[in-house]
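Colleague: Take a look at the letters that make up each chain.
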Amino acid sequence: MIHQIIFLYFATVILVSALLMITRRNPIHSVLFMLLLFFHIAGLFVLLNAEFLAAVQLIVYAGAILILYLFVVMLLNVDQERQSVRANRFWPWVAAFGVLIAGEILLLISRSTFPGDAGKTMATPGAGVMELGQALYTQYLVPFEIASVILLVGLIGAVMLAKKAVKE
Amino acid sequence: MPDMDQILKIVYTLVIPIAVLLSFILANAMYLQYVERKIWARMQARLGPMQAGPQGIFQPIADTLKFLLKEDIIPAKADKMVFVVAPILALMMAFGAFVALPFGPDTVLFGNKVHLWVTNLNIGVIYILALASVGTYGVILGGWASNNKYSLMGGFRSAAQMISYEIPMAFAIVTVVLMAGSLNLSDIVNAQAGKWYLFTPVGPVLFFLYVIAGFAETNRTPFDLPEAESELVAGFMTEYSGIRFGFFFMAEFMNMLIVSLLVSIMFLGGWLPLQILPQTLGGITSIHWFNKVLAGIPPTLWLLAKMYFFFFVFSWVRATLPRYRYDQLMDLSWKFLLPLSLATLMIAAFLKQAGWL
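Here the protein sequences come in this chain order: A and B.
Each residue of the first sequence is one higher than the one before, starting from 6 at the first, in my numbering.
Each residue of the second sequence is one higher than the one before, starting from 808 at the first, in my numbering.
These are calculated hints, taken from the structure and not from any lab test.
Cβ atoms here follow ideal geometry from the backbone N, Cα and C, with glycine treated the same way.
One should not assume that every hint holds.
Below 30 angstroms or equal to it, Euclidean Cα-Cα: the simulated DSSO-like pairs (lysine-lysine) are [claimed, not checked]:
hint	chain 1	residue 1	chain 2	residue 2
1	B	956	B	877
2	B	920	B	1002
3	B	1142	A	168
4	B	873	B	884
5	B	887	B	956
6	B	956	A	168
7	B	877	A	169
8	B	920	B	1159
9	B	887	B	873
10	B	1142	B	1159
11	B	920	B	816
12	B	887	A	169
Residues on chain A that point at chain B, a partial pick, calculated with CB under 10 angstroms [unchecked claim]:
hint	residue
13	34
14	47
15	56
16	68
17	69
18	72
19	79
Pulled out of the complex, with its shape left as it was, chain B reads as follows (with noise of 0.2 angstroms):
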């Protein structure tokens, strides 16, 4: 019989922290959608949603009451079992990764020391490489599952596109794990202090790459090829309806609050204030007492509005770039991004090695 405080350890180590994570979660997944449409639309000249509440505010809520209330529809020539499994797959691989993400440093709370992430994994890179390659199959099942000829070519170019834009992924992300000498997560923000990534010599170009491979890997827009409506109806989408095209709706959002997180973690330095002039430079005392005041916002507002940003990076690309053609996506992550990340790989070990990075 476990005694109360083994009771209260895991609650005060997973059930909390989870909790607090899923909640977060939910709420970003609901209001993001609220709000891009919201820049779609004031980038368009148009007002977005208005009816819901003042300035269409409740429109998150209506938008889910109505995923969960309409019919739950299943073709009746589709594999059943496959097509249930796929949205949750995909679900499960998006909420899977948050885990390991850090949100800032170990804080001090109400007199207790709290860690602000689930788990610190040694491996956190390698871990959240790991369920975007599993998040895949979600997309290709469900494609597949739906037995129609739109989902299916969706679910293949989707698998072909995550497929090859994962390898330039991959190498912009151990070019940063080289750089940082570690694949923990806090690790890696840890050791930007004074100098973000993005501002190293190699940095812009793996920022570049990660951004692009990023984009690729969240099917959105310019390489939202797998629902091309124009050619694909809905894509792999196209037979879900109901909750279960909510679940794929949820996990693309959250893929990209990874990506943006991400981003976030290894090129702008987590949840580290921006210095502007770092103290040793400059003698110029504004720019000293505005460094001060930036220091003194906390870091997990930091980490939170460097998130942000590049959520509104990706809403701002959807609503301004056209969409790539298929071969082009192909050429574009084989003959362009794979061997410019080797080459940023070998210099990157080069200048480490000389003691120059």
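In isolation and in its complexed conformation, chain A is listed as follows (with noise of 0.2 angstroms):
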């Protein structure tokens, strides 16, 4: 019951801040509202007995890639994006989309079963980090290093785009 009031209050403050991101006009509230999106997803996976995952959620988010987002927001002119136009002609294909999508993943839902409740599968002792840790560096090895090789390329890049060729 404690369970379903705790989750009920999640899943609103999500859809709502997650609704607010979207439609305010100040895209520093926009980020506001994301990390508050953030916190209680992390809020989520701590009712799923995964904190670890709460905790990385919150680290990686919240701590890093919304802070960059932070940083680049701060360098616009704010009063300048309240006066932009939110959409282009396009919104009415856009907005389809959206709803095609919507449509899928309720139909996703309704044919799949869902087996048993995912918080008591994965109440492990050690919150599970040990487990994860062995899973990720043997069984899924490979695509680990793949994903670890991906970030490096992408870091490597970022800094030749922004490094200019210094002529001799």
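Build the complex: two chains, separate frames, hints provided.
Modeller: Quick look at the structure:
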């Protein structure tokens, strides 16, 4: 019972803050609502006994990615952003695709069955950190390494783009 | 309808620990300010606050009253929502981190077994890192919302600084976690029984890394560039006054306490007593006797003593060292601390695997 109330609270705040994030005209406010969203998603992870994922959610998304967004957004002229046009002439198409994707998700959910309570199956001592590490470094070693190489390429690529070639 | 037992259980496991923790933090945040001013004053051959009460002992109460009673000014062109939220965010993240810190082993008090923590998270270290990284928001948003160029510069500097120093700090912590084999802070302390991590082969390097990064994370001298008054008036706090300024101020002190506690827990054996020459080594009776006396001091007192010692070091450094230049600050983190922390992690992993740690 209490579990469900907490879940409903998190879910509601996630939906509301996601909506507010999209609709705010001030980009900084959008970032703040996104922060709220990330916190509540972390809350959902805690509810599923995945504490490690909750903390990683905060470190990676809130602590690193969103801070970068904030950096970029702060360099914008907020007053100009407020008056800018919010959508171009393609918006009906994009909206139609959005509805389509939402419909697909709903269809998939209605067709699939969920085997039991995910929170209980994930409840392992040590918050599953050890299991996660072992899985990452044995079963999923290759995808893990590929992902890290992609990240490294992204990093080096950004440095290369930002650095102007110095002529002798 | 929940029965009495459930309510009592919630009171015992949540309400009382949080109330005790909160009063501990608030009393510390208030009085450490006074202690710090006294320490600076002594180091600079002054007297420090002397007017309110004997030796100025009531100064913190006067300060707090002033914070509370002052007019609350929000600049006309500031972004009101963000301006109000920023200090609260900074304070909340600092409070939140305390919840996961253990203050001692389980003890028996009045015949009951008492935990000296609010929650014993299995991922305590990562949780604290996460909250520290979110704490940056308070500073950046406060700087931006004030609509003042000094504030904005302070906010930017602090964001860049905190992001840069988070990395070597995280690597230092990860190495400690590797040595202890656990992310749980109580387990990290227990793993140090017999040998504090400061006295292991890689320990001093990690200690050095963590303390430097800790100073930078808390925006303290020699890394207090976000509020460098000679360049930026008061940095991100320029437009803040009254209780909102107080919030930022308290958050800074609490972060300092968190860093001091983490240093004590991760490198100085937390609540484990100091042992001069472990018993296995020597046959000198007087040292054994002294060790017994040291071990008789309650564990929590040991932890608090270590914490206050580090707090003293914080004040000491602030009274002694000048401030870094901004580019030097960035160079130090990216060109020196980061490679060093990576190398230490590799060496520690090797030593651990070879069984020498």
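Colleague: Give a verdict on every hint.
Modeller: Hint check:
1. For the hint linking residue 956 of chain B to residue 877 of chain B, the alpha-carbon distance of about 24 angstroms falls within 30 angstroms, and the restraint holds.
2. Pair hint residue 920 of chain B plus residue 1002 of chain B holds up; C-alpha atoms about 27 angstroms apart against a cutoff of 30 angstroms.
3. Distance hint between residue 1142 of chain B and residue 168 of chain A is fulfilled; the C-alpha atoms sit about 18 angstroms from each other, no more than 30 angstroms.
4. As the CA atoms of residue 873 of chain B and residue 884 of chain B are separated by approximately 25 angstroms, the hinted pair is consistent with the 30 angstroms bound.
5. At most 30 angstroms may separate the alpha-carbon atoms for a hinted pair to count; residue 887 of chain B and residue 956 of chain B meet this at roughly 17 angstroms.
6. With a CA separation close to 28 angstroms, the supplied pair residue 956 of chain B and residue 168 of chain A stays within the 30 angstroms bound.
7. Proposed proximity of residue 877 of chain B and residue 169 of chain A is contradicted: the alpha carbons are some 51 angstroms apart, above 30 angstroms.
8. Distance restraint check for residue 920 of chain B and residue 1159 of chain B: the Cα-Cα separation of roughly 35 angstroms exceeds the 30 angstroms cut-off, and the hinted pair is therefore not satisfied.
9. With a CA separation close to 23 angstroms, the supplied pair residue 887 of chain B and residue 873 of chain B stays within the 30 angstroms bound.
10. As the CA atoms of residue 1142 of chain B and residue 1159 of chain B are separated by approximately 26 angstroms, the hinted pair is consistent with the 30 angstroms bound.
11. Under the criterion of a C-alpha separation no larger than 30 angstroms, the hint pairing residue 920 of chain B with residue 816 of chain B is consistent with the structure, at around 14 angstroms.
12. About 40 angstroms separates the Cα atoms of residue 887 of chain B and residue 169 of chain A, which puts this hinted pair outside 30 angstroms; it is violated.
13. At about 7 angstroms, the closest approach between the beta carbon of residue 34 of chain A and any beta carbon in chain B falls short of 10 angstroms, and the interface hint on this residue holds.
14. The beta carbon of residue 47 of chain A comes within 8 angstroms of a beta carbon in chain B, closer than 10 angstroms, and the hint placing it at the interface holds.
15. Because the closest C-beta pair between residue 56 of chain A and chain B is about 5 angstroms apart, less than 10 angstroms, the hint holds.
16. Hint status for residue 68 of chain A relative to chain B: holds, with the closest Cβ pair at about 3 angstroms, below 10 angstroms.
17. A hinted interface residue such as residue 69 of chain A counts as satisfied when its beta carbon comes closer than 10 angstroms to some beta carbon of chain B; here the least separation is about 7 angstroms, so the hint holds.
18. Because the smallest distance between the Cβ of residue 72 of chain A and any Cβ of chain B comes to about 6 angstroms, under 10 angstroms, the interface hint for this residue holds.
19. Interface hint at residue 79 of chain A: satisfied, since its Cβ lies 5 angstroms from the closest Cβ of chain B, which is below the 10 angstroms cut-off.
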